[in-house]
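S.K.: Sequences are here, hints too, so could you generate the full structure?
Number of protein chains: 2
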Amino acid sequence: MQKIINNPQTVVDEMIEGVVKAMPETLSPTKNKRVLKYKNAPQKGRVGIVTGGGSGHKPAFVGYVGKNMVDAVAMGELFSSPPAKMFYDAFVAADGGAGVACLYGNYAGDNMNVKMAIEMAEDDDIVVKTVVANDDVPSAPKDKRETRRGVAGEILMWKVGGAKAAMGADLDGVIAAAQKAIDNTRSMGVGLAPCTIPEVGHPNFTIEPGTMEVGIGHHGEPGIAVKPLATAKEMAKEMVDVIVPDLPFVNGDEVVVLVSGLGSTPLLEQYIFFNNVEEELSARGIKIYKSYVGNYFTSLEMNGITLSLMKLDDELKECIDMECGCMGLTQLPK
Amino acid sequence: MQKIINNPQTVVDEMIEGVVKAMPETLSPTKNKRVLKYKNAPQKGRVGIVTGGGSGHKPAFVGYVGKNMVDAVAMGELFSSPPAKMFYDAFVAADGGAGVACLYGNYAGDNMNVKMAIEMAEDDDIVVKTVVANDDVPSAPKDKRETRRGVAGEILMWKVGGAKAAMGADLDGVIAAAQKAIDNTRSMGVGLAPCTIPEVGHPNFTIEPGTMEVGIGHHGEPGIAVKPLATAKEMAKEMVDVIVPDLPFVNGDEVVVLVSGLGSTPLLEQYIFFNNVEEELSARGIKIYKSYVGNYFTSLEMNGITLSLMKLDDELKECIDMECGCMGLTQLPK
Numbered sequence: 001m002q003k004i005i006n007n008p009q010t011v012v013d014e015m016i017e018g019v020v021k022a023m024p025e026t027l028s029p030t031k032n033k034r035v036l037k038y039k040n041a042p043q044k045g046r047v048g049i050v051t052g053g054g055s056g057h058k059p060a061f062v063g064y065v066g067k068n069m070v071d072a073v074a075m076g077e078l079f080s081s082p083p084a085k086m087f088y089d090a091f092v093a094a095d096g097g098a099g100v101a102c103l104y105g106n107y108a109g110d111n112m113n114v115k116m117a118i119e120m121a122e123d124d125d126i127v128v129k130t131v132v133a134n135d136d137v138p139s140a141p142k143d144k145r146e147t148r149r150g151v152a153g154e155i156l157m158w159k160v161g162g163a164k165a166a167m168g169a170d171l172d173g174v175i176a177a178a179q180k181a182i183d184n185t186r187s188m189g190v191g192l193a194p195c196t197i198p199e200v201g202h203p204n205f206t207i208e209p210g211t212m213e214v215g216i217g218h219h220g221e222p223g224i225a226v227k228p229l230a231t232a233k234e235m236a237k238e239m240v241d242v243i244v245p246d247l248p249f250v251n252g253d254e255v256v257v258l259v260s261g262l263g264s265t266p267l268l269e270q271y272i273f274f275n276n277v278e279e280e281l282s283a284r285g286i287k288i289y290k291s292y293v294g295n296y297f298t299s300l301e302m303n304g305i306t307l308s309l310m311k312l313d314d315e316l317k318e319c320i321d322m323e324c325g326c327m328g329l330t331q332l333p334k
Numbered sequence: 001m002q003k004i005i006n007n008p009q010t011v012v013d014e015m016i017e018g019v020v021k022a023m024p025e026t027l028s029p030t031k032n033k034r035v036l037k038y039k040n041a042p043q044k045g046r047v048g049i050v051t052g053g054g055s056g057h058k059p060a061f062v063g064y065v066g067k068n069m070v071d072a073v074a075m076g077e078l079f080s081s082p083p084a085k086m087f088y089d090a091f092v093a094a095d096g097g098a099g100v101a102c103l104y105g106n107y108a109g110d111n112m113n114v115k116m117a118i119e120m121a122e123d124d125d126i127v128v129k130t131v132v133a134n135d136d137v138p139s140a141p142k143d144k145r146e147t148r149r150g151v152a153g154e155i156l157m158w159k160v161g162g163a164k165a166a167m168g169a170d171l172d173g174v175i176a177a178a179q180k181a182i183d184n185t186r187s188m189g190v191g192l193a194p195c196t197i198p199e200v201g202h203p204n205f206t207i208e209p210g211t212m213e214v215g216i217g218h219h220g221e222p223g224i225a226v227k228p229l230a231t232a233k234e235m236a237k238e239m240v241d242v243i244v245p246d247l248p249f250v251n252g253d254e255v256v257v258l259v260s261g262l263g264s265t266p267l268l269e270q271y272i273f274f275n276n277v278e279e280e281l282s283a284r285g286i287k288i289y290k291s292y293v294g295n296y297f298t299s300l301e302m303n304g305i306t307l308s309l310m311k312l313d314d315e316l317k318e319c320i321d322m323e324c325g326c327m328g329l330t331q332l333p334k
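These protein sequence lines are chains P and B, in that order. Under the UniProt record's numbering, the first sequence has 92 at position 92, and the numbering climbs by one with no breaks. Under the UniProt record's numbering, the second sequence has 195 at position 195, and the numbering climbs by one with no breaks.
Rather than coming from a laboratory, the hints here were simulated on the basis of the structure. One or more of the hints may lead you astray.
As the list claims (entries may be wrong) - Derived contacts from chain B toward chain P, CB cut-off under 8 Å, selection only:
1) K3
2) T26
3) T30
4) K233
5) Y271
6) P333
Where a beta carbon is used, it is the ideal one built from N, C-alpha and C, also for glycine.
M.R.: Okay, here's the thing in structure tokens:
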């Protein structure tokens, strides 16, 4: 296990210590060492944005805490949900009196712990409403969309929710925009090599060299097929062919494209893949309004790539265009 | 070879096509398809900043083209210098009449090609001056510092040079600041696993599991020792112990810390390592003014990490603080 760590049991806490020291201009610690907040949160009268989940997906989730993005984050163990108290502490850290939008991914542990945390917050008169991301198309058929997992599309949900809160929308307005963002987003991943959780010491699933797992989840959840390793162009076509009909995205649509490496995928390869995705979308008359290509939502050192598409309308465009600043998704100046 | 590519012979050109499509708000193509420029370059009366080098180090070099950063970049084959004509075309793309600062790394091919390109530019009355980065401490002893390689410290050189040009300094002023930046910077890397060039199809060097190569270059150049794999804390101490005495950095200094993964190193591990670096610097009375932690200068999917430190004065602080915007190093808003 070729890893730069000290103790497999303390990787998350040590990582958080490093994150806090590295970004004092953006992040502040809270009384709960597993909860970090935007240094200017809570902002009085502004809806607070909270997320959380298992660690191991850096820069998600903590990397999306920042200006006009997420206000507080709950950080669980590697690939494990944060307990309810941690979500609750994040609600308290983010609440500026206008309520909290908890925007998170559809996993059993997170659903249970967020629900319990909301009950705890009710006792403090903190109003919390939720949007549950379910953008991962291969994880369930379309008629069971509510059971699909949340993956890299969550980043676009946070971007939209954070921008809407910054514009002064009330809690229902923020929730409606974030819900629209994820309803308009579809994602899919392909895995080429697994990752190893330090405490386990060996990969907890296998991808044979020469093959790829199509539709893999970002915790290594099985995909829809194991196939011979394809070219970037074939992968792009296969993923676009699954994602586009599902919403559907149609000729004339404008979209955000988010390509994320899963950890060890060179950025060089991500741009080659993105180039092929653009060709596939262009051939279908779908226009790219904004692109993100990079390691936005990873799984330790897993090798692979995910594609997320979000269909835009004027409201979503305005949110995507808004200035934001966080380690994971700083907006480029015009 | 688990790679997301189409044709090993065309990875660089396809990557560039993807980069151009992904960032129209920042980058523009030029007549030379291996030269990209900042969309607002050349800027009349402002010194142009040029760099270039072999591809495979994404986001370097093209990722540092942008606002108040690099104006034009020459992109060679994987780990190979761009030919002289490419550097020349980058000079032309960046020249706004105030001359060009070519800020690049100390490799034989780059030295030769930049020199030839400068001769070509002289015929066009384009004045080009250079700074040659040599921040990699383990690559040569201190009394042969001029022979050391340039590595991730180059990013800080570009940041300082770009900021100084944006402030309106003339060519000599930009060159002096960029030279000071690299003179004040020391770097070192540790490798845990090699990378594979697609055209070669297998790793061109070996790092045995359970070992690490201390002082490795980012093309896999041999380091100063192969040792048993250490903890993050031991690695941080070893690297600080090599870097700090070399300048030397002393008690009371303020520094920029730049930690870069080499490609497949999880961000989680990079923050753990950074946490230990901060402890080592703090114990020596060295204060961190600004930190960068991420995949800033990679070598395809190499596993490993580099540490760069830059000693600051007021001029360098002003340059580091200046707003900038490029894919590789967007400044976080205050």
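S.K.: Of all the hints numbered above, which does this structure not satisfy? Sort the numbers upward.
M.R.: 3
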